[in-house]
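J.: Let the hints inform the model, and build the full structure from the sequences given.
Respectively, the protein sequence lines represent chains A, B, C, D, E and F. Read left to right, the first sequence gives residues 1 to 238 (our numbering). Read left to right, the second sequence gives residues 239 to 476 (our numbering). Read left to right, the third sequence gives residues 477 to 714 (our numbering). Read left to right, the fourth sequence gives residues 715 to 984 (our numbering). Read left to right, the fifth sequence gives residues 985 to 1254 (our numbering). Read left to right, the sixth sequence gives residues 1255 to 1524 (our numbering).
Honestly, I wouldn't trust all of these hints.
DSBU-like, lysine-lysine: derived pairs with alpha carbons at most 30 Å apart [claimed, not checked]:
#1 D/Lys741 - C/Lys707
#2 B/Lys317 - A/Lys79
#3 A/Lys76 - A/Lys19
#4 B/Lys469 - E/Lys1011
#5 B/Lys257 - B/Lys314
#6 A/Lys76 - A/Lys11
#7 B/Lys330 - C/Lys555
#8 C/Lys555 - B/Lys317
#9 F/Lys1281 - A/Lys229
#10 C/Lys568 - F/Lys1266
#11 E/Lys1011 - B/Lys467
#12 A/Lys210 - A/Lys19
Read the hints as simulated data drawn from the structure, not as lab findings.
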Amino acid sequence: MSEFTRRDGRKPDELRPIKMKVGVLDKADGSAYVEQGGTKVLVAVYGPREVHPRHLGLPESAIVRCRYHMAPFSTKERKSPTPTRREIELSKVIKEALASTIMLDLYPRTTIDIFVEVLQADGGTRCAGITAASLALAHAGIPMIDLVSACAVGKWNGRIIVDLTGEEDEECEADMPVALMPSLERVTLIQLNGRLTPDEFLEAFNLAVKACKYIGELQKATLRSYYEKIKEEVLYEQ
Amino acid sequence: MSEFTRRDGRKPDELRPIKMKVGVLDKADGSAYVEQGGTKVLVAVYGPREVHPRHLGLPESAIVRCRYHMAPFSTKERKSPTPTRREIELSKVIKEALASTIMLDLYPRTTIDIFVEVLQADGGTRCAGITAASLALAHAGIPMIDLVSACAVGKWNGRIIVDLTGEEDEECEADMPVALMPSLERVTLIQLNGRLTPDEFLEAFNLAVKACKYIGELQKATLRSYYEKIKEEVLYEQ
Amino acid sequence: MSEFTRRDGRKPDELRPIKMKVGVLDKADGSAYVEQGGTKVLVAVYGPREVHPRHLGLPESAIVRCRYHMAPFSTKERKSPTPTRREIELSKVIKEALASTIMLDLYPRTTIDIFVEVLQADGGTRCAGITAASLALAHAGIPMIDLVSACAVGKWNGRIIVDLTGEEDEECEADMPVALMPSLERVTLIQLNGRLTPDEFLEAFNLAVKACKYIGELQKATLRSYYEKIKEEVLYEQ
Amino acid sequence: MSSRLVIPELTKRRIRELASQRRRIDKRGLAEFRTVFIERGIIPQADGSALVHIGNTKAIAGIKIDLGQPYPDMPNAGVLAVNVELMPLASPTFEPGPPDERAVEVARIVDRAIREGRMIDLEELVITPGREVYVIFVDTYLVDHDGNMIDACVLASVAALLDATMRKAIVSEGRARLIDERSPLPIRHYPLTATICRIGETLIVDPILEEEETAEARITIGFDEEDRICMIQHSIGMLRYSELYQAINISREAVSRLRKELCKVFPNAG
Amino acid sequence: MSSRLVIPELTKRRIRELASQRRRIDKRGLAEFRTVFIERGIIPQADGSALVHIGNTKAIAGIKIDLGQPYPDMPNAGVLAVNVELMPLASPTFEPGPPDERAVEVARIVDRAIREGRMIDLEELVITPGREVYVIFVDTYLVDHDGNMIDACVLASVAALLDATMRKAIVSEGRARLIDERSPLPIRHYPLTATICRIGETLIVDPILEEEETAEARITIGFDEEDRICMIQHSIGMLRYSELYQAINISREAVSRLRKELCKVFPNAG
Amino acid sequence: MSSRLVIPELTKRRIRELASQRRRIDKRGLAEFRTVFIERGIIPQADGSALVHIGNTKAIAGIKIDLGQPYPDMPNAGVLAVNVELMPLASPTFEPGPPDERAVEVARIVDRAIREGRMIDLEELVITPGREVYVIFVDTYLVDHDGNMIDACVLASVAALLDATMRKAIVSEGRARLIDERSPLPIRHYPLTATICRIGETLIVDPILEEEETAEARITIGFDEEDRICMIQHSIGMLRYSELYQAINISREAVSRLRKELCKVFPNAG
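T.: Structure, rendered in structure tokens:
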């Protein structure tokens, strides 16, 4: 892998710098902000709260709703604020990727609303959105079986690489976003755009597992330091 | 009438070949498929079933809703799937043409939903839709005072003709879709686009009556053979 | 002020001819028609009536809803009938300008709906709409603390003027619609488009107060003669 | 969808009883229109306009004429665009928002009466074939709804078109612009409609709201000034064949009386 | 949003029990598709069309090919526009209106299978680079929904494209027009998909409606005729890593059996 | 329509009592803004951007500058397009979907403050008169709503415009294209607003959410750097004439203090 370099000088299995923060919004029940290279995503979680209209509620479990949305200024060309088919699809797959990790039967007849806002898009926005949304759910105190960590892998110039930039995404032969619960070894999202042989698929998936593990550690550290800071503040106030 | 010929060689009072089938869909409560020349229409009926939202229901009768829709590939130029004003109007007149024949007071607070999908349009789609919808209602076991049979008549090249093709429809001086209950001698739909003298109107209407009678016989034969086939299957299974 | 003349020959503080009528519609609970120069506005009021959907109702007061709408033929270029952002904003500010004058707590869980239709637009449509809507509310018998009278003022060619025409509105340096309850000396609407020094603002506001007082007198006279005519009719019938 | 008006059962019964005696609740003749009022030019800023009353039912139509492109499949014809709105002003059952199925039906009826009745010679409205034509916008607003909105909207639209003038187009460098010289539209025919309801076995013309809600069937029939049928819309319910024939005859007479009212304002219209 | 179908708890339990014994309620093998039926050319007026059944699930696809502009960022490629509608005919849970999130998801899957599977050589569809290209509209309608709508819609779309012909374009004076001479589309690959559900620890192919509603996870995997993976969509639930690997293998075999059915109608498709 | 927030009656009463003593629940002075934070350039990919906090209320604005056509009636002016969204992130009462009347009102206020306050010399943004101009998109997002969204959105929009640069346009063969050389926008004035609520007889600046819900009247007044009034929006309730005069004076002072904060980031803005 040593000779091969990517446009931004990274090695095939090298992630971009990642920044994570929770509790960034005042009014939301949970919130998080994730930066992965040039990709910047802000997530708010509201709920569990009453469903409107009521008939959408389920008698034995909460429902999860999700809106993935790109700000008009997030893309190279200005994006119209009206949701595209891509945004509608991603809202659905992000919802599904997270819903199966939440203990929904604890909150019958309620909704958990997840708002993923892409502030700047430079590849991997749905993955950064899932990573951030999982943090925001944790911050909202919603019981989950585990954190979800997500990262895209892909094939670019014949090589399997991790964490594609927007430019790599446009040029690549295949792009495969993956979301995992790393410690439970469960996939909660996998999509493939492009073509891979079964062997390439395995190589790519293993690379995604490695990346998600790393991201999962960052998520845990972020939550840990957030709660320690709060503990300090509480102690200080006392 | 002998010298006059139409583009497709038919006589003025000659219908195109007609094919009818009921029970073509598995999930619908009633369904039918009608081909009249190049016009192909698929109809499903759901109901009587609960109305949503509930306040639309009537305390003393069922309501009827209808969607007449043309598939994007049904027309010469691709048609946008968004309903046009023509489709909205035809949905309403088809609904009215059928509603007065259904015993609505048997099913208070429910809805009967009729979906008319035009798969290929070659003239007379609303009439084929009504003919098919009446079959589908019968197939769904919804009590009606009689079957409705429909056919367009018109004036083309100065002559009153029956069952216009799409091409004739574009060129004609007048186009008059008619829906009847032939044995009860009741009109349930009549529209006129174009100009007719009162005498021409009478001639055209009489031609429509004749055509609808014929179509009514086909409808009855179709239902009869459908139920006979079912009876055979039941007997066979026994 | 004597030398300065406006395009239509008016003096800076001169209003255009005003025509007012109430009870112009049969089905509405209250209605009024106001002409101010070339501006023609028709208003209907429905209510207090039940709110749909019900959850919009308030337990301790009526709600007010308003639609300000321009007819497609009301403007120089045909206007699409779809509401523009301007119409949405004006609907809101007209609603607010009137809501605070209505005794809403008398009618909990109901709505009062105000429909302002601009038939011809020649400047000052929102003000004529408020003037007419206040008349229509009175005609509907809805208790208010006072009538609202409205008129625009502005700065045109360096001078503060009253009741701008459409042409003056386009050319002016500032345009300031004002709605008042003249006898109670309360402002219920003020907006400014354009720039004014604080001194110019005071001059303009005082001019608006003067104009609104005059309009208020017209409103009262209109209502008075309407009810006298009704009284006469009643006596006549007896 | 808008809510429906509730007419007291008592009123309906009364209307039915009267109908069985060939009488009406407002004492009109069965084939009689209510008082018709037509005022032209009420929106001076529009290219044409009219306000009409049929009894308490009121409609306003405004015409705007612009330059535009022809439809690709009709390069040699001007464009006619009819829009009807059932204003929330007009009835407690009308709601703001995009036209519902009733408004769409009325718009399509007005459009067909004008278009299929050949009211305007659209071929006269071509400036450069396939490239530039006049576009006539007919915007018709029902502002007070006391029954028979179709005839009111057709009448208002026709009157506004008769009132309308269009600016002359000057073509220079292949592009047209409109100058202030004005001429009337190329009017060829004068379509009008009469709406008939069946209550029991009785047919009545120009139903008021209460009659409309009581009726079992409704049909609108249009005629031009030469008594040709130029539009039929059977909106609701069923009719015997004989009732249909009867409706044609009744509506023809009703339209010719309505035409007299139109001719008071537009003497050519008959 | 459309309402959800309610499957009796008893049926679900039965399906789960059977799955734990590696059996199915309709007695199929775990990796077996239902009976597949493919009819091409059912809409002669379209440029291509197909009706497919997978068991009781039915989809119709129609192709329309027009001239149009390329996307500004892809001046050297024709345009492919895929639209999927879950017709209200097909299920009591589908409602009229703009495509909901399920329909959008299926459309995006069909689009990706065709586009990323390189089914059509879009560069062959350019007439004048950056100016005029062929636009291929794929309109796919689910008309009867008994589970596994994704595979049915992909199969119908692919079959309709294989059935399609395009008219030749003649360029004169810089503008193209289409003449009546026809040729097939520039087809390069033949993507197909198989959808797998996990019920308990058992993976099954081509779920019927009741299985779909019982399943804990669902994934769709597409392959081209050279067994390259060309599309994955994990729609619902979670999978162990080992289950994911297993799903890849099962779906590959299922697709190659489905391909045999396609080849009966389109012999080149394998 | 979004649901309304319910503020406990107790809190409202407390706010009213304090107001009658000319005090506030968060101990601020009556004419005092909360802590203001301004960060420019937070979206490097945009042509300009800013994040602002006014207390807990947060807004992000991003600027995109493209080439486009001028409005037909303004051939000699660039185009300014302002869009404000009240993100569902920002409050439990905001819902996804097209901007509601509140969002539209704020967008129109931001637009008028910038346009009527002559912030940008739009005539400098013309490339080919009547044909090609710069189009400035201002997209402003309220992301956390703790009261006074108007001032936060105006401040964010103004800051993002001050942060923005535009690419140079090169015209060749009658068509412009943008190159990488950048220059600031032609800024002429620096409008800012202060929002005032009346609670009882007391006027307060920069209301928090609880104060806003308690207030009987609200008015927003904008000033440019020369203390000219450049925008007034009376949003709710009624004011005595004297209160209106007082509001003008209070807001002028509040704006000049807010301007000091803006000048810390953009030294020219005062």
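J.: For every hint, state whether the structure bears it out.
T.: Status of each hint after checking the structure:
1. D/Lys741 - C/Lys707: Within the cut-off at roughly 27 Å; holds.
2. B/Lys317 - A/Lys79: It holds: about 27 Å lies between the C-alpha atoms, which stays within 30 Å.
3. A/Lys76 - A/Lys19: OK: lysine 76 of chain A and lysine 19 of chain A at ~22 Å, within 30 Å.
4. B/Lys469 - E/Lys1011: With Cα atoms ~27 Å apart, lysine 469 of chain B and lysine 1011 of chain E stay inside 30 Å; holds.
5. B/Lys257 - B/Lys314: Holds, at roughly 22 Å.
6. A/Lys76 - A/Lys11: holds, 25 Å
7. B/Lys330 - C/Lys555: holds, 28 Å
8. C/Lys555 - B/Lys317: Answer holds: lysine 555 of chain C to lysine 317 of chain B is near 27 Å, not above 30 Å.
9. F/Lys1281 - A/Lys229: holds, 26 Å
10. C/Lys568 - F/Lys1266: holds, 24 Å
11. E/Lys1011 - B/Lys467: Holds, at about 26 Å.
12. A/Lys210 - A/Lys19: holds, 18 Å
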